[in-house]
Amino acid sequence: MDPLLLRGMTTPRTRRNVLKLGGLSAAALALAACGVQGQKQAAPKPDAVKDFWAKQKKNGKVVFANWPEYMPEDQAPLKAFSQASGISYEYKEVIQENAEFFGKSRPVLAAGQSLGYDIVVMTNGVQLQHMIELGYAVPLDHAQLPNFAANAGDKYKQRAYDPGNQYTVPYTSGITGIAYNTDHVKEAPTSIQALFDPKYKGRVGMHSDAQEIGNFGMFAIGVDPEKSTEADWRKAGELLKKQREDGIVRKYYEQNYIDAVSKGDVWLTMGWSGDVFQRQLAGEPVGFVVPQEGGTIWTDNMLIPKGAANPVDALMLMDYLYQPAAAAQLEEYIQYISPVPAVKDILTQKLGTAEGEDKEGLQAMVDSPLIFPTDADYAKLRAYRSLTTAEEQVYNGIFQAITQA
Amino acid sequence: MRSRLTPYLLALPSWIWLGAFLVVPLAAMASVSTQSGNVIDGFVQTFSFGNYADAISQYSPQLLRSLWYGGAATLAMVLIGYPVAYWIAFRGGNRKATYLFLLLLPFFVSFVLRTISWNFMLSGDGILLGPLKDWGLLPSDFQITATAFAVISGLTYNWLPFMILPIYVSLERVDPRVMEAAHDLYASRTTVFRKIVLPLSLPGVFAGVLMTFVPAVADPINAAVLGGTNNTMIGNIISTLYLTNANYPAAAALSFSLMAVLLVGIFVYARALGTENVLEAAAR
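As given, the protein sequences belong to chains X and Y, one line each in that order.
Here our numbering is used: position 338 in the first sequence is 338, and no number is missing along the way.
Just remember that our numbering sits 1000 ahead of the position in the second sequence, which is counted from 1.
Be aware that a few hints might be false.
[Stated by the list, open to error] Result set (BS3-like, lysine-lysine): computed pairs, CA atoms no more than 25 Å apart in a straight line:
1) X/K263 / Y/K1133
2) X/K235 / X/K380
3) X/K199 / X/K242
4) X/K199 / Y/K1133
5) X/K380 / X/K155
6) X/K55 / X/K45
7) X/K104 / X/K40
8) X/K242 / X/K227
9) Y/K1133 / X/K201
10) X/K235 / X/K199
11) Y/K1133 / X/K186
12) X/K380 / X/K359
These aren't lab readings, by the way, just hints derived from the structure by calculation.
Since this is a predicted model, take the numbers as computed values, not measurements.
Just chain X, same shape as in the assembly (with noise of 0.2 Å):
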């Protein structure tokens, strides 16, 4: 608070004073009152995306941006990507959150810039299905992915949120699902409807992200999301509207879930596989399961935002972190589920020739139905429900009344 402006209010002013403070604002209102410009686009006719690949070339460079902790630290495959292709590059860990990221990118891209990057980064989700249908992503030349289309496994093609890989490839994906604290549990839980249990009153975590929540809500009910209606939706959230209020939920958590339930401050929680998989690594007592009724299962995507000034690099470094080797050096330390099946042959090779602590850890990773799920869990499985902008708004309101009450 200004005390100046705030002296200047409680001195008594002339009317004069008043109307040219009134004009300046006018004036300032006049300037704001173009707003935020709409620009949805059309997706690009086939022809035009092939124009603008023709007139693309090497240029030797590529930017990356990715989350923390999504490359090992000594930045191997990229290092190895290097010297094979002569493309040197920039690795940045710039992307904390998706609807942060997109809220900081949209105005740039909005006015023509370009981001200074020629990866980024994206999960499925409202503001990936933003980034597409704005025209932010460009369109992905397939010819140039001939790893993808031989190494990517045939559940991580075909996502109805990107139909055809048109602009994004997978990097890296994760089951939500019920991590447990397997000190308090002894049991672990099968049911989605443990999260809903009075016995852990008080002891059981969700996640804040509308979507997230509103999946397992419609799980509880037995709805598929991605079929859900809003009378679904409405329904879901009566249910976790009372989970709430009989006081089941301790916390609505965006990300430090996983050191609550590992030190014991909620016992079952909705976590991601991922996250788990490091815990029980280091030996801490946590427990996952994909409940019966259903989990979900989400990708981080890469994919080459409008205006990038490397596009061609940028494909090649995507194409060839989809050889094997490349992905398995990277699964080894992301330790999420790579969209490459055949990494699960490369580390096990690899686990003849381990010793000590790796062997254990490379054990452990190609055992864990965390890191490769059964065909059982897969059949649990299912995605986000892509929302319209209008649906979005009902959509959030349900859930958001929930989490932020």
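Chain Y: place on chain X using the hints.
Leaving out everything else, chain Y in the frame of chain X:
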């Protein structure tokens, strides 16, 4: 002529700065707050003042809660901060500078990190409560985090120095001779404090309240880190509306509503304490 213009020219950069980075953004936000649309199709100016009614009716619980948390934290800060400032000002001797430095020392660590470390310390099975529970001194379901108490405590802790410093400055300025004169006239220590020291330090309290109440009410961090399922504050709502939902009009309308409520509140408070002196002190 030149000499008369000089002060204005010197002040010009500040005016341009304020104009470009305060007035224009505020006006733009005021405009956005009455627009309608969505991020895909764009937002258009429709002068829909209904945005305000919608935002306030939908989020009034959080708005009221924020005022109550901010108010409680501010009161706690006065109660804790005044004695500290008094002690440093009158009993600090020649170590005053050291004490003031110690007061500011926590600020060398980021705000968010300090709050998270509180969470770490106070969590159910954390380093403080864990052992107490193991020894049977506390029931096993006792908790501090995820309560209103935790959020208010966090707010109090995070802004306490901004309350202490202005009070300290005003106490420092109290002329010891005035107090001595009161003693000579047979005033008891309580009377001296009540009639001399307290009134003279009120401008400091006022400035402290201004500097702490406003940010405390609007803060999203403490509620997010230390709060539970029923402790969401208005700052959290605004940031979700703006960043997650890209619902700029609602976020802007809510921000302006909050600003209006705070301005009115402070206005009333200023009148109650007597503006003249107080504002001068705050401006110093």
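Original post:
Is it true that the CA of Y/K1133 sits at most 25 Å from the CA of X/K186?
Top reply: 21 Å, holds
**OP:** Would you mind confirming whether the straight-line C-alpha gap from X/K235 to X/K380 stays at or under 25 Å?
**Re:** 21 Å, holds
Original post:
Has the given pair, X/K242 with X/K227, been kept, meaning a C-alpha gap of at most 25 Å?
Top reply: With a Cα-Cα distance of about 24 Å, the restraint between X/K242 and X/K227 holds, given a limit of 25 Å.
Subject >> X/K55 paired with X/K45 [C-alpha distance capped at 25 Å] >> reply: Judged against 25 Å, a Cα distance of about 16 Å means the pair holds.
Original post:
Under the criterion that the straight-line Cα-Cα distance not exceed 25 Å, is the pair X/K235, X/K199 satisfied?
Top reply: 23 Å, holds
Subject >> Hinted pair X/K199 and Y/K1133, Cα distance within 25 Å >> reply: Holds, because 20 Å separates the two Cα atoms, which is no more than 25 Å.
Original post:
For the pair supplied as a hint, Y/K1133 and X/K201, is the alpha-carbon distance within the 25 Å limit?
Top reply: 18 Å, holds
**OP:** Mind checking the alpha carbons of X/K199 and X/K242 for me, to see if they're no more than 25 Å apart?
**Re:** Roughly 15 Å between the alpha carbons, so the hint for X/K199 and X/K242 holds.
**OP:** Compare the distance between the alpha carbons of X/K380 and X/K359 with 25 Å, and conclude whether the hinted pair is satisfied.
**Re:** Since the Cα atoms of X/K380 and X/K359 sit roughly 31 Å apart, the hinted pair is violated (cutoff 25 Å).
Original post:
Regarding the pair X/K104 and X/K40, is the alpha-carbon distance no greater than 25 Å?
Top reply: Between X/K104 and X/K40 the Cα gap is close to 18 Å, so the pair holds against 25 Å.
**OP:** Would you check the hint for X/K263 and Y/K1133, treating anything up to 25 Å between C-alpha atoms as holding?
**Re:** 14 Å, holds
Original post:
Taking 25 Å as the top limit, are the C-alpha atoms of X/K380 and X/K155 close enough?
Top reply: 13 Å, holds
Hint check: a violation occurs at hint 12 only; the rest are consistent with the structure.
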